[in-house]
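There are 2 protein chains.
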Amino acid sequence: MNIRWNLSGDEIEKESFRVIYEETRNTPLATLPEQEWRVARRLIHTTADIHIADTLTFSNNPIQAGIEALQKCANIICDSKMIRSGLSLAKLQKINPQYTEEKLICSISDEDVITKAKKEGRTRAICAVEKNRHLLDNAIILVGNAPLSLAKTVQYVLEDNAKPALIIGMPVGFVNVVESKEYLTTCSIPYISLLGRRGGSALAVTTLHAIMENILD
Amino acid sequence: MNIRWNLSGDEIEKESFRVIYEETRNTPLATLPEQEWRVARRLIHTTADIHIADTLTFSNNPIQAGIEALQKCANIICDSKMIRSGLSLAKLQKINPQYTEEKLICSISDEDVITKAKKEGRTRAICAVEKNRHLLDNAIILVGNAPLSLAKTVQYVLEDNAKPALIIGMPVGFVNVVESKEYLTTCSIPYISLLGRRGGSALAVTTLHAIMENILD
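Top to bottom, those sequences are chains A and B.
Counting from 1, one number per residue, gives the positions in the first sequence under our numbering.
Counting from 1, one number per residue, gives the positions in the second sequence under our numbering.
It should be emphasised that the hints constitute simulated quantities derived from the structure, not laboratory data.
Keep in mind that the hints are not guaranteed to be accurate.
Given that identical chains are not distinguished, each listed pair holds provided it fits within a single copy or across any two copies.
Below, in silico cross-link-like pairs of lysine to aspartate or glutamate (EDC-like), each with a Cα-Cα straight-line distance of 20 Å or less [claimed, not checked]:
id: 1; residue 1: K81; residue 2: E101
id: 2; residue 1: K131; residue 2: E111
id: 3; residue 1: K81; residue 2: E102
id: 4; residue 1: K118; residue 2: D137
id: 5; residue 1: K91; residue 2: E111
id: 6; residue 1: K163; residue 2: E68
Only chain A is shown next, with the shape it has when bound in the complex:
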């Protein structure tokens, strides 16, 4: 079997990026500015789907907003535990040594959130956003799972003057997903999204890691 056993992680990444470049260089992705291309490339790298970035959308200078928020040690609010566990604390600490686990917030499995959702017949996702309303200003919001997490955040922006630094809006699925992303496009705050049904926790994580590359490389 033709397996290359002795490659290092860095060598595998370099070879992967070479293949991605080869397979996208005659597509519109090749015309993206460098910082946006890094996001597209990481999305393709994470999914091995050459077309995953075709609906990638940047609005209101989100990469610069993300860089500045990371440098200020902004709270990072995640809609799933998988997002929180996928974020590299080591890399965050290279950007700002003040980063600790406590700055990576996910309330989806908090007892009070579970109880409230069950009692009210609503999703845990929406109850978690409500719980963290007071943390939204200046935070980086990562949504890779629940569309109502994104929609509730957007509602706070539009109707309650919340001012997150950056929203990475990539919920996934068949119900409320397309709609929540359209709702996001009515915001004038910085955001990155994948329009349509596609998304996922790994995609939200890798988008923030791609932003971090601009500081760390």
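Put chain B on the given structure of chain A with help from the hints.
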């Protein structure tokens, strides 16, 4: 904006499954046996990609093997922290109350694994499998990230008589991924895989959750 705010999690899942059924009922997926269909449906649900299950492969009665291993509280060895954090301990405990966090094993960020990988110029993934060689027998192996994690596990099966209960082999990417899955197909132990480049931590997690549905529903 046409967002349906007041759906419960169960209602969203039910509606999602309805859409997936509608969009796949004239495809080969519709002919899958019930237990395999549940896996395909969850993969589509997790990615919102109707074609994600087109290369889904089952071999050596893997769903029954998984059910029996879960009922015996088998170790679940994960190649990424995202997999471990995505697994539902609450559901596992409904199957076997002896399940604890300690049965969900991931060594990718262990200090000794990081040190060894750096020293030897190899991947952390392969060093993590080596560290857990003594745990492979009767374990459920979840690979959603690193192809060399899958390849090393297969090598232990073929050349060192390791006997995992079930391998869910869904690494993702451009280097060694297709090859590691082809290597898996030479095993005579139970496995589920997504042939080709596609895969991911969320897909490995959701495959095990789909197997669990057969016990819990």
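Now the hints, each set against the structure:
1. K81 - E101: So K81 and E101 pass the 20 Å test inside a copy (12 Å) and across (15 Å) alike.
2. K131 - E111: within (12 Å within a copy, 35 Å between copies)
3. K81 - E102: both (13 Å within a copy, 18 Å between copies)
4. K118 - D137: Cα proximity of K118 and D137: none, with 28 Å in one copy and 40 Å across.
5. K91 - E111: The answer is between: 16 Å across copies meets 20 Å, while 30 Å in one copy does not.
6. K163 - E68: So K163 and E68 pass the 20 Å test inside one copy only (14 Å; across, 50 Å).
Against the hints set out earlier in the document, a violation occurs for number 4 only.
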